[in-house]
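*Asks:* Residue numbers (this note's numbering), protein chains in the order written: chain Y, 1 to 523; chain U, 1 to 102; chain L, 1 to 305.
Calculated directly from the structure, the hints in this document are not laboratory data.
As a list, the in silico BS3-like pairs of lysine-lysine whose alpha-carbon atoms are at most 30 Å apart:
| # | chain 1 | residue 1 | chain 2 | residue 2 |
| --- | --- | --- | --- | --- |
| 1 | Y | Lys306 | Y | Lys327 |
| 2 | L | Lys10 | U | Lys94 |
| 3 | Y | Lys473 | Y | Lys306 |
| 4 | L | Lys219 | Y | Lys473 |
| 5 | L | Lys7 | Y | Lys473 |
| 6 | L | Lys296 | Y | Lys483 |
| 7 | U | Lys46 | Y | Lys497 |
| 8 | Y | Lys39 | Y | Lys367 |
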Amino acid sequence: MKNAVGREIPAEALAVELKNGRKYEPYQGKGYRDGKYIKKAGPTTKIYENPQESKILPSIRDAVIACGIKDGMTVSFHHHFRNGDYIVNMVMKEIVDLGIKDITIAASSLGDAHDPIAEYIEKGIVTGIQTSGIRGKMGDVVSHGKLKTPAILRSHGGRVRAIEEGDVHIDVAFIGAPTSDEYGNARALGGKGDCGVLSYAVPDSEYADKVVVITDTLVPYPNFPPSIHGVNVDYVVKVDEIGNPKKIASAAARMTQNPRDLMMAENTAKVIAACPWFKDGFSFQTGAGGPSLAVNRFLEPLMDAKGIKMAWAIGGITAAICELQRKGKVGKIIDVQDFDTGAIEDIRTNPNHFEMTASEYANPANKGAFVNKLDFVVLAALEVDTDFNVNVITGSDGVLRGAPGGHPDTAEGAKCCVIVTPLTRGRMATICEHVVTVTTPGDCVDVVVTDYGTAVNPRRKDIIEALDAAGIKHVPIKQLQEKAYSLVGKPDDLQFKDKVVAILEARDGTILDVVKEIKPFEF
Amino acid sequence: MELKAAGTAGTLESSDVMVTLEPTNDGKIDLTLESSVINQYGRQIKATVLESLERLGVKSAKVIVNDHGALDCTIKARVECAFYRGCQCDMDGKFDWGGVIR
Amino acid sequence: MSLPRPKPEKFRLRRTMMFMNAQKPGLIKDAYIYGADSIMLDLEDAVAENQKDSARFSLYHALKTIDYGDTEVIVRINGLDTPHWKEDIRVCVAGGCDGIRIAKTESAQDVITVDQAVTEAEKEFGVEVGRTLLMAALESPKGVLNAYEICKASPRLFGVALSGGDYRKCMQVKVIPGGIEMLFARGLMLNAARAAGIQCFDTVFTNLNDDEGFRAEVKQNVEMGFDGKSLINPKQIPIVHEMLAPSQKEIAEAEKIVRAYREHASEGVGVFTLDNGKMIDIAFVPGAERVIKLAKASGIYEGDL
Numbered sequence: 001m002k003n004a005v006g007r008e009i010p011a012e013a014l015a016v017e018l019k020n021g022r023k024y025e026p027y028q029g030k031g032y033r034d035g036k037y038i039k040k041a042g043p044t045t046k047i048y049e050n051p052q053e054s055k056i057l058p059s060i061r062d063a064v065i066a067c068g069i070k071d072g073m074t075v076s077f078h079h080h081f082r083n084g085d086y087i088v089n090m091v092m093k094e095i096v097d098l099g100i101k102d103i104t105i106a107a108s109s110l111g112d113a114h115d116p117i118a119e120y121i122e123k124g125i126v127t128g129i130q131t132s133g134i135r136g137k138m139g140d141v142v143s144h145g146k147l148k149t150p151a152i153l154r155s156h157g158g159r160v161r162a163i164e165e166g167d168v169h170i171d172v173a174f175i176g177a178p179t180s181d182e183y184g185n186a187r188a189l190g191g192k193g194d195c196g197v198l199s200y201a202v203p204d205s206e207y208a209d210k211v212v213v214i215t216d217t218l219v220p221y222p223n224f225p226p227s228i229h230g231v232n233v234d235y236v237v238k239v240d241e242i243g244n245p246k247k248i249a250s251a252a253a254r255m256t257q258n259p260r261d262l263m264m265a266e267n268t269a270k271v272i273a274a275c276p277w278f279k280d281g282f283s284f285q286t287g288a289g290g291p292s293l294a295v296n297r298f299l300e301p302l303m304d305a306k307g308i309k310m311a312w313a314i315g316g317i318t319a320a321i322c323e324l325q326r327k328g329k330v331g332k333i334i335d336v337q338d339f340d341t342g343a344i345e346d347i348r349t350n351p352n353h354f355e356m357t358a359s360e361y362a363n364p365a366n367k368g369a370f371v372n373k374l375d376f377v378v379l380a381a382l383e384v385d386t387d388f389n390v391n392v393i394t395g396s397d398g399v400l401r402g403a404p405g406g407h408p409d410t411a412e413g414a415k416c417c418v419i420v421t422p423l424t425r426g427r428m429a430t431i432c433e434h435v436v437t438v439t440t441p442g443d444c445v446d447v448v449v450t451d452y453g454t455a456v457n458p459r460r461k462d463i464i465e466a467l468d469a470a471g472i473k474h475v476p477i478k479q480l481q482e483k484a485y486s487l488v489g490k491p492d493d494l495q496f497k498d499k500v501v502a503i504l505e506a507r508d509g510t511i512l513d514v515v516k517e518i519k520p521f522e523f
Numbered sequence: 001m002e003l004k005a006a007g008t009a010g011t012l013e014s015s016d017v018m019v020t021l022e023p024t025n026d027g028k029i030d031l032t033l034e035s036s037v038i039n040q041y042g043r044q045i046k047a048t049v050l051e052s053l054e055r056l057g058v059k060s061a062k063v064i065v066n067d068h069g070a071l072d073c074t075i076k077a078r079v080e081c082a083f084y085r086g087c088q089c090d091m092d093g094k095f096d097w098g099g100v101i102r
Numbered sequence: 001m002s003l004p005r006p007k008p009e010k011f012r013l014r015r016t017m018m019f020m021n022a023q024k025p026g027l028i029k030d031a032y033i034y035g036a037d038s039i040m041l042d043l044e045d046a047v048a049e050n051q052k053d054s055a056r057f058s059l060y061h062a063l064k065t066i067d068y069g070d071t072e073v074i075v076r077i078n079g080l081d082t083p084h085w086k087e088d089i090r091v092c093v094a095g096g097c098d099g100i101r102i103a104k105t106e107s108a109q110d111v112i113t114v115d116q117a118v119t120e121a122e123k124e125f126g127v128e129v130g131r132t133l134l135m136a137a138l139e140s141p142k143g144v145l146n147a148y149e150i151c152k153a154s155p156r157l158f159g160v161a162l163s164g165g166d167y168r169k170c171m172q173v174k175v176i177p178g179g180i181e182m183l184f185a186r187g188l189m190l191n192a193a194r195a196a197g198i199q200c201f202d203t204v205f206t207n208l209n210d211d212e213g214f215r216a217e218v219k220q221n222v223e224m225g226f227d228g229k230s231l232i233n234p235k236q237i238p239i240v241h242e243m244l245a246p247s248q249k250e251i252a253e254a255e256k257i258v259r260a261y262r263e264h265a266s267e268g269v270g271v272f273t274l275d276n277g278k279m280i281d282i283a284f285v286p287g288a289e290r291v292i293k294l295a296k297a298s299g300i301y302e303g304d305l
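Make a model of the complete structure from these sequences and hints.
*Replies:* Shown next as structure tokens:
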């Protein structure tokens, strides 16, 4: 059956069983579930009426045993420690060593730090993966059909919806935390590997049957104000190291000096400034990648010229936006993740820099997340096609190596979603006829800025008028795609087998696309 | 013009391709092709390399191509350069621009 | 695929000439996107001595394949004191570049030598004789002193450029803010170029972190009368274009002159008075037309001339 973005969704994918019995549907277009109701799926939690002195257990193994983890269960993790994370590998090793199998990992994201999990997948111990990001060896083995069930890939907001709706039920959440007290009040500051916020772990702490906080820095009770509340936590484990602090918080990304990135960033800023929402009190989100990050720098003089300020910025936070706030040009920063030490330092001391939960950030099924109030978002892409569909998950070889993250959430929510990407990367055409995998539907994408010109989604007549009025040139996206192919040649279609290895959920829980097992290249 | 020794041209940088030609005497082109874009462009890269070799009159050689997303114009340039280097001809000699080099 | 480029225009707008290593595929494939008037594919200093052959193959296929559009494509060849320049010229002509920059030009004879080699190559490759333009880079005190003779040496020559790095070395001076160390060379070269009726381009500004210094130098270039500047980074392009752009007042004045001239010319009148009382004759017209052309290229002209 073809869905609203023209993707054939095989029966095999539609038949995948969700924990709550909900049946998968193909993607129907944006806003499809607006106004409908959900019944939230509460966890089954233990009563601790009798006072206990401490929830501390001596080891992760003890926690795995105390939680009663059995074959077929689902365990969850967050990705605030990014490439410095030790938690996933430490916990999974204990689970595997205890001979437990048929485990589903439901993480907010997984990355290169988790290569060891690939082996558990190949051995058939880990049989399910539900995540936003998947990369490295894990992406490779999943793409080669080694995971027993299709991986389910969700946006950050879609993940919260899936947890709340009960599509996925977390049996045990393992939450790494820079600091915790003996009752599991956990914070992202004050430890050895601070990550600033723990936003993505909050739904896990509220909806998992059992919750374990893992820290390397125990602090006196009460560790307040906490990101993860002790009332939701069953056990606390102290380990030597939760991760590699250098990789948890990288030094601030240096502003790109790449002239191509700078040119695209400047043009993106001009597009934003031409839109009617660029007025005093506007809201903004941008990424940490080269051209996206550089947009901050080019936006500032345009704000000054118009005499306006930004009311709030959200998303993954970088030192660049904190810097802009210090100059008095941003009202509040509402933070769901910190990308560098500058952002972490800032939230430590800045009273106008706040932590929010993943649900507050992007959940499409709550009563109005921050993304719904967002004016502008600037995003990157691996590929964009002539229907404005975006791919951020599969590389030019069809292998999983990315993360939808907040991309689909902010794209749908924001009044103006700008994708900034070079027309080609090496020989890969970024603007193409058909993306390998749709991760953000074209009906949510408004403007594409490339080094060869800007294209506006024809659905957005208002933005077209605004750019025309400002004298900003734009071309049909087809023209960009043709230019790309004239440079690099028309790519051959990737060869896939029939097996579905991953399901790309739209944020509302319908199926946007599937990824199939890659066929090794043959001449 | 004939290959006398191994000739190499190009780099392993992004958008470039490293090409090595080695003379053989079995009358075959033995092509080893690695590419970061092999799934989408493997066939085109192979065709470009073989066409260039044919124009240059190379009939027997071991050909190693390590591509990092080079465009066709770069692939041709590297194959030709590797060939003339393998022929040990004067680097500033008169080349056949627009003839076999095209 | 072959893209014969249109016949090069000897006196076109050349505000910005951006240098690119002809050996780097990632750079030359689309150097035109930054909007320089001319790009300068370099076979000389940017290319290592043992890669001169490789750079020529890259250059040839780039020239034959890549659609540079309206951007002028110039190639800097190796100096006449090297073994490379003759083959550099053959590949330039065979590939069909618009112009050749002669490095280290010391005398009129250098230009003549290159001119002859270009003519030979044009005949060899079936290119219209005279199609390929030349520009001369003056890099030494001797070259600067011979500027006028150099400027007159070939009908192919559209301009001269100063190459500050080598010149300063010869003069035993360093870069001085304000450019006192280059004042003589710049002045003499400009004078020679104007006397010979060709264009004149200033040297590169290499400190990419010094935006203020760059702006100051471009301002001086404009005031001294340079047509354009050699650049090493795309971020310098919009700054030069902005600073070379005429003011709205200049544009309005130029418009008046061109319009009035056209009106009077059709009536056979050669000298006339503008509404502000200014006497105008034909000598004012090329300058006014140049202002309009600059305004158009700078994207600030909204009139219909």
